[in-house]
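Each chain, letter by letter, is given below.
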Amino acid sequence: MPVRHTLVGNDLGGIAGMLSCCELPQIECVCPLGHQGCPLVEEVERLQAECRRLAELSHTDPLTGVFNYRHLIVSLEQEMERTRRTELPTALIMIDLDHFKLVNDRYGHTVGDAALRWVCQLWGRNVRRLDTLCRYGGEEFALILPGSRMAAAVQTARRLQKTLAASPLHYEGYEIPLTASFGVDVYRGEMGVGAIELIKRADEFLRLAKVQGRNRCCYRQQRAQSLATEVSAAERAALFPPAGGTYARETG
Amino acid sequence: MHVKPASWVTGPADAPEPGPPYIYAISSGKGGVGKTSITVNLAYALAGQGSRVLVVDGDLGLANIDVLLGLTVATTISDVLERGQEARVALVQVEPNLAILPAASGVPEMVNLAPQDREVLEELLLALGQGFHYVLIDTAAGIGHSVLWFNALADCSLVVLTPDPTSLTDAYALIKVLCQRQPQPHVMIVVNQVASEQEAQQVYDHLKRVTERFLGVTPLYAGAVPKAPEVIQGVRQQTPFLKSAPGGKATQAVRALAGKLGRQPGDGR
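Order-wise, the sequence lines are chains V and H. Going by our numbering, the first sequence wraps up at 1242, each residue one higher than the last. Going by our numbering, the second sequence wraps up at 313, each residue one higher than the last.
Hints should not be assumed to be uniformly reliable.
Unchecked claim - If we take Cβ atoms under 8 Å as the criterion, some of the chain H residues that face chain V in the derived model are:
| no. | residue |
| --- | --- |
| 1 | L112 |
| 2 | G114 |
| 3 | L115 |
| 4 | A118 |
| 5 | A158 |
| 6 | L212 |
| 7 | K287 |
| 8 | G291 |
Claimed, not checked - Listed below are the simulated EDC-like cross-link pairs for lysine to aspartate or glutamate, each with C-alpha atoms no more than 20 Å apart in a straight line:
| no. | chain 1 | residue 1 | chain 2 | residue 2 |
| --- | --- | --- | --- | --- |
| 9 | H | K252 | V | E1180 |
| 10 | H | K271 | H | E243 |
| 11 | V | K1152 | V | E1162 |
| 12 | H | K293 | H | E274 |
| 13 | H | K252 | V | E1225 |
| 14 | V | K1091 | V | E1077 |
Honestly, the hints are just simulated from the structure, not real lab data. We put the beta carbon where it would ideally sit given N, CA and C, even for glycine.
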């Protein structure tokens, strides 16, 4: 049973602070000989702290404080397994900041870094505690929404989109407008689909959002999936009795 | 109704073990077509013929077999799944060879069973069914996960419908979904609330024509139950009409139905 606690000094609060794996329990060290200020105990405590710091580094992004790519894959695989067990869908939102290169080119990389931290803070405040926000790389992010259907995921994506569009970065006298594009897909327990495959699927919709002009959200239209079991118009017509309300035998 | 726990099920068997039971899943697609009433009365009729019958309330979140029989239920399927209670304790014996496995009412999370719950429930039902000749599962209305799952578990899907066109459409939708789960599902049709045997036959013929044309499946005709005052009274009085109106037309019809369905296991299928 992993121990859950919020890491001290994490300005993002609940996001990367809620660790579900790779976490080390804190064990109090006492010198067996009862020496005050025992150098061995101090060394063990130092190593413990170092271990915790490294464990945190191994799955968080140092710049933004959100989870990193490694954690995305581990966490997504875990949620997809949960979907297979519980049939509660897992939603994945892939996000890309629009024209981010221009921000770096125009204002410099320090401002670019501040922008990355700013969007993570904004979005971190607009997702549920159980959602996992990860930096996929560069200016691309991924958000895992456990137990979420498409409609809820699209709603979340649109909220993040609008929040960012309405909240420019204020930095050293600049007001820098930022927008992002969103691609959403949902995993429903299909066999033979892994985390990488799901990321690829959501990425397709992100690419579509980019092509359609950015600052928008694209997602899979789900209509086609239910068609196989739906009663078709032809079947319905055959089922309904002819006028008069009797089930007389068809002629011709 | 006074209820005692199903002691004979838990005690040492004095009669020879009947072997694995024949499982009927009783569904309708549409709600309100009298599915639960037919299940309960069919169970009494089969038990009256000397078979040991177990009725499972498969409407796990909104159960009502207990209401139809006026039972006060202490332990339900939900207690067994959620709290790991002994399954046999939940069985309620209502007749010498008729037991009910009640479900919970007003427990929304039971409506859709998660896969791990299904594994447990399947094991549980198959183990519980060992003492019986027949297991009748009264599934929920609609074509939700649990309905399809119970039908997949059953040896035969008994589909109840009325001459009402919407009931016909919903029964067809159910059969269509069943066909997508298994290539040739064993489906039998019961037409409820009919004015005459002729009407029942017409409804069945009509449905059969459409399923044969679009699905390539021929459901079998199990029987019909007429629209009769004793059916409505039975529900209001929380007594099966088979007992309250033993000479009624509906009772005769259900006895005939039991005669037909009761022969299934001996068919050598």
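Hints versus structure:
Residue-level restraint check for H/L112 is violated (minimum Cβ-Cβ distance to chain V is 30 Å; threshold 8 Å). Restraint check, H/G114 versus chain V: the minimum CB separation of about 35 Å is more than 8 Å; hint violated. With a least beta-carbon distance of about 31 Å to chain V, the hint placing H/L115 at the interface is violated under the 8 Å criterion. Nearest Cβ of chain V to the Cβ of H/A118: about 29 Å, over the 8 Å cut. The hint is violated.
This hint holds: H/A158 has a C-beta 5 Å from the nearest C-beta of chain V, less than the 8 Å allowed. This hint holds: H/L212 has a C-beta 6 Å from the nearest C-beta of chain V, less than the 8 Å allowed. With a cut of 8 Å, the hint placing H/K287 at the interface with chain V is violated, because the nearest CB-to-CB distance is about 33 Å. The restraint placing H/G291 at the interface with chain V is violated, with a minimum CB-CB distance near 30 Å, outside the 8 Å limit.
The suggested pairing of H/K252 with V/E1180 is violated, with an alpha-carbon distance near 33 Å, which exceeds 20 Å. For the given pair, H/K271 sits about 12 Å from H/E243 by alpha-carbon distance, which is consistent with the 20 Å threshold. Distance hint between V/K1152 and V/E1162 is unfulfilled; the C-alpha atoms sit about 24 Å from each other, more than 20 Å. The straight-line distance between the Cα atoms of H/K293 and H/E274 is roughly 9 Å, inside the 20 Å bound, and the hint therefore holds.
Taking the CA atoms of H/K252 and V/E1225, the gap is near 12 Å; set against the 20 Å cutoff, the hint holds. Distance restraint check for V/K1091 and V/E1077: the Cα-Cα separation of roughly 40 Å exceeds the 20 Å cut-off, and the hinted pair is therefore not satisfied.
In this structure, the hints that do not hold are numbers 1, 2, 3, 4, 7, 8, 9, 11, 14, in rising order.
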